[in-house]
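Order-wise, the sequence lines are chains A and B. If you read the first sequence in my numbering, its first letter stands for residue 1, the second for the next number, and so on. If you read the second sequence in my numbering, its first letter stands for residue 1001, the second for the next number, and so on.
Keep in mind that the hints were calculated from the coordinates and are not lab data. Treat the hints with care, as some may be off.
[Stated by the list, open to error] One side of the interface only, derived from the structure: several residues of chain B facing chain A at Cβ under 7 Å:
#, residue
1, Phe1018
2, Met1036
3, Val1040
4, Val1043
5, Leu1044
6, Phe1047
7, Ile1066
8, Glu1070
9, Gly1074
10, Leu1075
11, Tyr1082
12, Gln1084
13, Asp1087
[Said to hold, decoys possible] If you anchor each label on the Cβ, the simulated ranges turn out as follows:
#, chain 1, residue 1, chain 2, residue 2, range
14, B, His1051, A, Val20, 41 to 49 Å
15, A, Arg361, B, Gln1086, 26 to 34 Å
16, B, Trp1005, A, Gly406, 25 to 33 Å
17, A, Gly360, B, Gln1086, 50 to 58 Å
18, A, Leu275, B, Trp1005, 51 to 59 Å
Remember, it's a predicted structure, so these values are computed and weren't measured experimentally. A virtual CB, placed ideally from N, CA and C, is assigned to each residue, including glycine.
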Amino acid sequence: MTDTSTLTNFAPLVLDLMVVFTALLVLATDILLPAGRKKGLGQLTAVALAGILGLSFVVDTSGLAFSGAYEGSAWTLFFKRLFLGVGALVALGGTEHVDQRYPGRQGELWLLLLSTLLGMMLLPGARNLILFVVAFELMGLPLVLMAAWPKTEDADGPGRKAPEAALKLYVVSAASTAITGMGMALLFGASGSLALADLAGAPQTPLLWLGLFTVIAGLSFKVGAVPFHQWVPDTYEGAPTPVVGFLSVAPKAAGLAAFALILLEAFGSAQARWLPVMLFLTVITLVVGNALAVPQNDAKRLLAYSGIAQIGYMLIAVVIGTEAGQAVLLFYLAGYAVTNLGAFLVIEAVTGDAPDADLGRFAGLYQRAPGLAFALLIFLLSLAGIPFVVGFWAKLYVFMAAYEAGLGWLVGLGAALSILALFYYLRLAKAVYLRSVDDPQPVAAGGGLKLAIWLCLAGTIGFGAWPAPVVDAARAAAAAFGG
Amino acid sequence: MMQAWLILAAALFSLGLFGLLTRRNAVGILLSVELMANAVNVVLVAFGRWHGVADGQVFALFTTAITVAEAAIGLALVILLYRQRQDVLVDAATEMRG
């Protein structure tokens, strides 16, 4: 009945297993290192993740594992590289923050980062509902703890809001788990199988559609799509900035991979059923995300709402359902990852010790740190979709793919909202460049943080000036999707 | 018989969702989430039995383990909130808005 020939085939999971070994290594090193010398743990994590990323270009991870519950392909590999790259950049950029604030507890934070990365890396390859749920929770639960990490150690500093931020993330996450789980239980009830491949062939009963829409609602919480978005700005404002940078990129990419799995891999043949619902979600996510970003006065909240709007653009790429749409989604994710992470790392450099990230704190940044000001400007222009940084190509490709799929009105709406988006991104840029301060205080950013920002900047400009390699990789990955 | 189980699960799930939306006590919210998770388990086990396969029961074991991990994190957060604000009402955690 069940094919057991791939039960002991671990080749598709080599990279994931390396992450597990890294986690164990960090745990063991944490115990052995004396207090006060634990800064190396973050660097170890960054180097190990970069090494695994390099390894991903050498080993072959395609094929089935665990009796078909897991499938490795070029599509899953693209996501794995994305997560490994983001993880390495966050570890690099966050090491100093973590070492200064929580010197005694940094090993556990990196352990949690590696756990959540493992969940994300497993998720795109899941072809079975149980593995899907386990990977999803392995991703979600450590994120809550990472958001709560400052605890009460700096009662008046930036960590004061962390418990509230984590609690809001937790409640949403727990509710989303229960709702997604209920949807999956209904899908199982309607189809009698836990394999994703069997769902579309199941009898087309109302039970099946109820299950599908319940799963869509549960997943929408996770990616922060409107109307399930209320937790996003509060969590972003209160959680530690390096964690927020990670939270704004990696779990979103994993959530979109989950959407692609459920909507396209499992229910691709029933697009007519879910398309109206998903289009509705996409449109209100675009409109509300962009509209609510305008009045924000805190840089992290502004980027939170902008991130909701960006999710809207990525949802367009998912719902059009074509292979071109998948390629565009992957390209958009890669560009968004370096850009948004870079923007949050600059915010960390500028407001690291401040209790909030008010726009006023960025006044005169061009005098205080010209390099950081330039990097932030490029990141903001990329998020707004200005030529010729990576965000421009990402938006252009999304619009082209949507137009080809016959969704011209959605292109018009997206383009109009991009102009509104330019307004709020430039509000932050205005504070950086057009407001002067009398006694410019230099910005004290550590070497690792600066290096991470420069790497993100190199990605943003590099992918923008020379998008072809990423586009080719995204196309090849999209061709492997849905097979 | 199947209908009875589904009605039970729907009742548990709705009760949990209602509690999640209306409870102001953080512990109450955790209990509501547990109710929702257990409604999922009832559905899984009932459908597993109905289809005559063990998949539903196996899935229920996994969701139980996940729910336990989730509850542990939730309680840790409630303790954290209490230490910081001497209160477990979520009204105490409304500093950030807008």
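Consistency of the hints with the structure:
1. Phe1018: violated, 12 Å
2. Met1036: With a closest approach of 4 Å, the B/Met1036 hint holds.
3. Val1040: Result: holds, 4 Å to nearest chain A Cβ.
4. Val1043: Holds. Min distance 4 Å.
5. Leu1044: holds, 5 Å
6. Phe1047: Constraint on B/Phe1047 satisfied, holds at 4 Å.
7. Ile1066: holds, 5 Å
8. Glu1070: OK, holds: B/Glu1070 within 7 Å of chain A, min 6 Å.
9. Gly1074: Interface hint status for B/Gly1074: holds (6 Å vs cutoff 7 Å).
10. Leu1075: violated, 11 Å
11. Tyr1082: Result: violated, 9 Å to nearest chain A Cβ.
12. Gln1084: holds, 5 Å
13. Asp1087: Since chain A brings no Cβ nearer than about 12 Å to B/Asp1087, farther than 7 Å, the hint is violated.
14. B/His1051 to A/Val20: 41 to 49 Å: 34 Å Cβ-Cβ, so the 41 to 49 Å window is violated.
15. A/Arg361 to B/Gln1086: 26 to 34 Å: Given about 31 Å between the Cβ atoms, the range holds.
16. B/Trp1005 to A/Gly406: 25 to 33 Å: violated, 44 Å
17. A/Gly360 to B/Gln1086: 50 to 58 Å: The hinted range 50 to 58 Å is violated for A/Gly360 and B/Gln1086, with Cβ atoms some 32 Å apart.
18. A/Leu275 to B/Trp1005: 51 to 59 Å: Since the Cβ atoms of A/Leu275 and B/Trp1005 sit about 33 Å apart, the hinted range of 51 to 59 Å is violated.
Going down the numbered hints, you'll see the structure goes against 1, 10, 11, 13, 14, 16, 17, 18, while the others check out.
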